[in-house]
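Chemist: Here is how the chains run, residue by residue.
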Amino acid sequence: MRLKCPLCGDRDRREFYYYGAEDYLHRPAEGAPLAEWDNYLHLRDNPAGVLRDLWYHEAGCSQWLLVTRNTVTHEIASVELVAERAK
Amino acid sequence: MRYSGLKVLTEGLFGNKGWGPAWRDPSPKGEYDAIIIGGGGHGLATAFYLAKNHGLTNIAVLEKGYLGSGNIGRNTTIVRANYMIPGNTEFYSHSMKLWEGMEAELNYNVMHSQRGLINLFHSDGQRDYWVRRGNAMINQGDDAILLDREGVREYLPYLDFENTRFPIYGGILHPRGGSARHDAVAWGYARGADSRGVDLIQNCEVTGIDIENGVVRGVQTTRGAIRAKKVGVIVAGRSSQVAAMAGMRLPIESHVLQAFVTEGLKPVIDHVISFGMGHFYISQSDKGGLVFGGDLDFYASYASRGNLPMVEHVMEAGMTLMPMIGRAKVLRSWGGIMDMTPDGSPIIDKTHVEGLFIDCGWNYGGFKAVPASGWCMAHLMATGTSHEVARKFRLDRFATGHLLDEEGTGSQHNLH
Ligand SMILES: Cc1cc2nc3c(=O)[nH]c(=O)nc-3n(C[C@H](O)[C@H](O)[C@H](O)COP(=O)(O)OP(=O)(O)OC[C@H]3O[C@@H](n4cnc5c(N)ncnc54)[C@H](O)[C@@H]3O)c2cc1C
Ligand SMILES: [Zn+2]
Chain R
1 MRLKCPLCGD RDRREFYYYG AEDYLHRPAE GAPLAEWDNY LHLRDNPAGV
51 LRDLWYHEAG CSQWLLVTRN TVTHEIASVE LVAERAK
Chain L
1 MRYSGLKVLT EGLFGNKGWG PAWRDPSPKG EYDAIIIGGG GHGLATAFYL
51 AKNHGLTNIA VLEKGYLGSG NIGRNTTIVR ANYMIPGNTE FYSHSMKLWE
101 GMEAELNYNV MHSQRGLINL FHSDGQRDYW VRRGNAMINQ GDDAILLDRE
151 GVREYLPYLD FENTRFPIYG GILHPRGGSA RHDAVAWGYA RGADSRGVDL
201 IQNCEVTGID IENGVVRGVQ TTRGAIRAKK VGVIVAGRSS QVAAMAGMRL
251 PIESHVLQAF VTEGLKPVID HVISFGMGHF YISQSDKGGL VFGGDLDFYA
301 SYASRGNLPM VEHVMEAGMT LMPMIGRAKV LRSWGGIMDM TPDGSPIIDK
351 THVEGLFIDC GWNYGGFKAV PASGWCMAHL MATGTSHEVA RKFRLDRFAT
401 GHLLDEEGTG SQHNLH
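Taken in sequence, the protein lines are chains R and L.
Count the first sequence with my numbering and you get residues 1 to 87, in order.
Count the second sequence with my numbering and you get residues 1 to 416, in order.
Here chain L stands alone, though its shape is the one from the complex (with noise of 0.2 Å):
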């Protein structure tokens, strides 16, 4: 069923009784030419560029719980092409302009907001930084204008210019920036792919991978033995698991990072806003919560939840940066676990198994990446080779050196 304005309208004039459901529910085959393990957003994207790029449509998405129940469903939903080094660079710029088209693709309301995106800076150095970083973006040919304190100001007078234990110096402006609403980009990519023949099943863990002299043959699950030529593995943070069932070992460390909403107030945050001391960025969703949060909680944690002390670090923040939102009240918080790998870049890459492909290590910043990464993936498990833009996401990367380490921390789970 196409969506369309007419159908809108003439659904509303006639009681909504011609909405169907948006994808089947079907029963899993016994064999398919591509399993996705998975049914997160890169997963979904992965299953939709497989079928609509490709033209691979005898493929499963076998998701343990339901579609979106993962990260997708509990990031802060924020959308940049702001990256620096090269590798990283061109992929992100390539994601950016899948989700400049991505409503009318999918045709599909996934609510992506161009509303700009400001990274502050509060020192000489910071400026230095961003303004290379700047620079960058230029070179990609994606966008950042430099504004200074007063620039800062004309956007967003609510901020605290007198402070001067972090004064603020200026911000990078990425207008194309913003964000979208998670939820319904899960939804758009399932629907595209179910659409396309693809099959989604949800509820149905994967147990086991087969491998038989080094070829993979399908994957052992709670709803039966599902036998494919090729399988992808895209589980974010349970990248581990599912990989030690084909005997690898992951360079990912597991980590809970949280995230926070208050209530619905009327627009006041018209931007995405990244604090440049301490870590705290917000934006304003469109039901008129704020949606804000911080870094992860600095160790290993399968638990969905986060802990008081960045729950505290992540307020203080924010009031230092907007003492405005003080008398907002926090309705929720929540954790999500992200494959944190040691450059805090992803994996997009074969493995030594003939068939099995990997996707992971998406850290805290896959969701702008769904439809690159979907693309990609796609692209990698159709046609053997990987994509240009993201040839330098390798597993092998760590024991040969050529680690992709865009904030330049160095080489440990927890430090991106």
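Okay, chain R solo, but in the shape it has when bound (with noise of 0.2 Å):
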């Protein structure tokens, strides 16, 4: 598998670390309920499909990446620089 980082441009999987879904975008307001950190922290949907999972560029322009792809098939719909996201 290749991703398409928006600066460096077309890498080896090597070059990235994985931290995993999406959710971890949404932290809960501090002093949130414990079932909302549970949740950021803890559950998932973990789609066999279409998901969306943050990457880091650990070996190229150190940025956040968010990538859309397909779980089953390792196809990638988009990669985004987290840091260009509107929040």
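Heads up, some of the hints might be wrong.
As the list claims (entries may be wrong) - List of simulated lysine to aspartate or glutamate pairs, DMTMM-like, C-alpha gap at most 25 Å:
| hint | chain 1 | residue 1 | chain 2 | residue 2 |
| --- | --- | --- | --- | --- |
| 1 | L | LYS52 | L | GLU103 |
| 2 | L | LYS52 | L | GLU388 |
| 3 | L | LYS287 | L | GLU162 |
| 4 | L | LYS52 | L | GLU100 |
| 5 | L | LYS350 | R | GLU75 |
| 6 | L | LYS392 | R | ASP38 |
| 7 | L | LYS64 | R | ASP45 |
| 8 | L | LYS229 | L | GLU205 |
| 9 | R | LYS4 | L | GLU154 |
| 10 | L | LYS350 | R | ASP38 |
| 11 | L | LYS229 | L | ASP25 |
| 12 | R | LYS4 | R | GLU75 |
| 13 | L | LYS329 | L | ASP270 |
| 14 | L | LYS64 | L | GLU154 |
| 15 | L | LYS229 | L | GLU354 |
| 16 | L | LYS29 | L | GLU212 |
| 17 | L | LYS52 | L | ASP143 |
| 18 | L | LYS64 | L | GLU31 |
| 19 | L | LYS392 | R | GLU36 |
| 20 | L | LYS266 | L | GLU154 |
| 21 | L | LYS350 | R | GLU36 |
| 22 | L | LYS97 | L | ASP143 |
| 23 | L | LYS392 | R | ASP45 |
| 24 | L | LYS64 | L | ASP183 |
To be verified - Now the stretches of chain L that chain R is said to cover, found in silico as 3 or more residues with beta-carbon under 8 Å:
| hint | segment |
| --- | --- |
| 25 | 297-304 |
| 26 | 405-415 |
Hint data in this document are derived by calculation from the structure and do not stem from the laboratory.
Glycine included, C-beta positions come from ideal geometry on N, C-alpha and C.
Each chain sits in its own coordinate frame; assemble them with the hints.
Modeler: So, in structure tokens, the structure goes:
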């Protein structure tokens, strides 16, 4: 598998560190109920199909990337910079 | 039909005409006392122990493909009881005892071979860790023997003892560890369950779970609706999909794990060996193939095949440890879908739906767990209470903070 980093171009999978599903972007507010933290840290939709997840371009530009891809076929639909996403 | 030496002999003399199928191929009935979703090792063992230990025989196992088509037929068959933390150690110890009685219990040859597992260490820190883990194993009543470098050399003279980057300091020998024939374990439990009246229904995919007022009523399948008072979800890598049918979101991410086998060779590797630097472990099957593997591909995937970087890593690690395998030809590689939990330990528990139970989160270590998981899941489904050796495998432990992080690597699905 290769990922097309918006800054560095088409790069080998080994340059990236994998974190997990997009859920990690939705950190609960301080003081949120425990169930929300559990949801954020542990519970996952874990789809067999389209998933959005977080990759870190460790051996490249050091940017966090939000990748939309298919977990069954390994096809990549899009790669965005987390830093440039509208909040 | 009971298998015996005499039976093999007489069948051999009279043209092998007297063998029958090992289990029936029934059509689903309209209703059962209990349904098991998933005909892998864990589902079949659960059905077997429900019938044998709890006298529940009006039950069915529903399998979307054929029996043993999932991870039970894809793993690298290591059986061990070398866990360290409370919650895990008693469970795997129980499992090992069941392994040791399995062939007699099932009247089936699962080729269980306690050839010994050797975990190597390569630094002072790793030695301290393994000494501690070995002591935990001994305290649990299992076996562990500390080997120094020369002790390892006696068992495994073919390792590269000259390697200066990853010197071999020693190893922990777990004599009761070993391997077994994976398909045979599924077949043995299938036959045992069938002969006690359990319906094993293949090509029957569960597509929905019927729930009324918080109580499970049955399931929808590609072969029609089936009612049941109790339902057990035991579907390994597909746990999130099936649990979602009951409105649940699980603490699971599915990852692919690869394995490899070479052409058949004469006996050369007598033990199961695990490298302590880089991910590589190996054993030799009874057919002669070297069976080996490494780590996850490290990202969520439902493809039953992996990527080349992990192939390369595994080959490199193998060549570093035992250069002699360099001329063996790799025949096949494959992948299986692993149900990874954030702490690397499994779940055997009730759910928020009455009568609905779940057994999942085996990560890449569920083969050795097959008998004890079946035993404990059957206990839970029959009695409504957790078996004492599985009482920490709770579904809510992530929310409550009672993690079972055997490796101490943290609460992230791909770190175990
Ligand atoms: C490469 C590899 C190496 C491994 N090595 C080891 C090892 O050395 N030691 C060890 O202890 N463990 C090992 N494991 C892990 C072990 O194989 C698994 O943890 C274990 O087999 C999972 O439990 P199971 O046998 O019940 O799963 P499976 O055999 O996958 O059973 C689940 C079944 O559920 C069925 N199913 C799914 N969805 C539905 C549905 N909707 N309706 C009906 N049926 C459904 C599937 O078809 C499947 O047959 C390894 C795994 C892999 C992939
Ligand atoms: Zn980049």
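Chemist: None of the hints should be skipped; say for each whether it holds.
Modeler: Evaluated hints:
no.	hint	in the structure
1	L:LYS52 - L:GLU103	holds, 15 Å
2	L:LYS52 - L:GLU388	holds, 19 Å
3	L:LYS287 - L:GLU162	violated, 31 Å
4	L:LYS52 - L:GLU100	holds, 18 Å
5	L:LYS350 - R:GLU75	violated, 36 Å
6	L:LYS392 - R:ASP38	holds, 18 Å
7	L:LYS64 - R:ASP45	holds, 21 Å
8	L:LYS229 - L:GLU205	holds, 19 Å
9	R:LYS4 - L:GLU154	violated, 50 Å
10	L:LYS350 - R:ASP38	holds, 18 Å
11	L:LYS229 - L:ASP25	holds, 23 Å
12	R:LYS4 - R:GLU75	holds, 12 Å
13	L:LYS329 - L:ASP270	holds, 19 Å
14	L:LYS64 - L:GLU154	violated, 48 Å
15	L:LYS229 - L:GLU354	holds, 9 Å
16	L:LYS29 - L:GLU212	holds, 21 Å
17	L:LYS52 - L:ASP143	violated, 29 Å
18	L:LYS64 - L:GLU31	holds, 18 Å
19	L:LYS392 - R:GLU36	holds, 23 Å
20	L:LYS266 - L:GLU154	holds, 20 Å
21	L:LYS350 - R:GLU36	holds, 21 Å
22	L:LYS97 - L:ASP143	holds, 12 Å
23	L:LYS392 - R:ASP45	holds, 24 Å
24	L:LYS64 - L:ASP183	holds, 17 Å
25	297-304	holds (count 6)
26	405-415	holds (count 4)
Of the hints listed earlier, those the structure fails to meet are numbers 3, 5, 9, 14, 17, in rising order.
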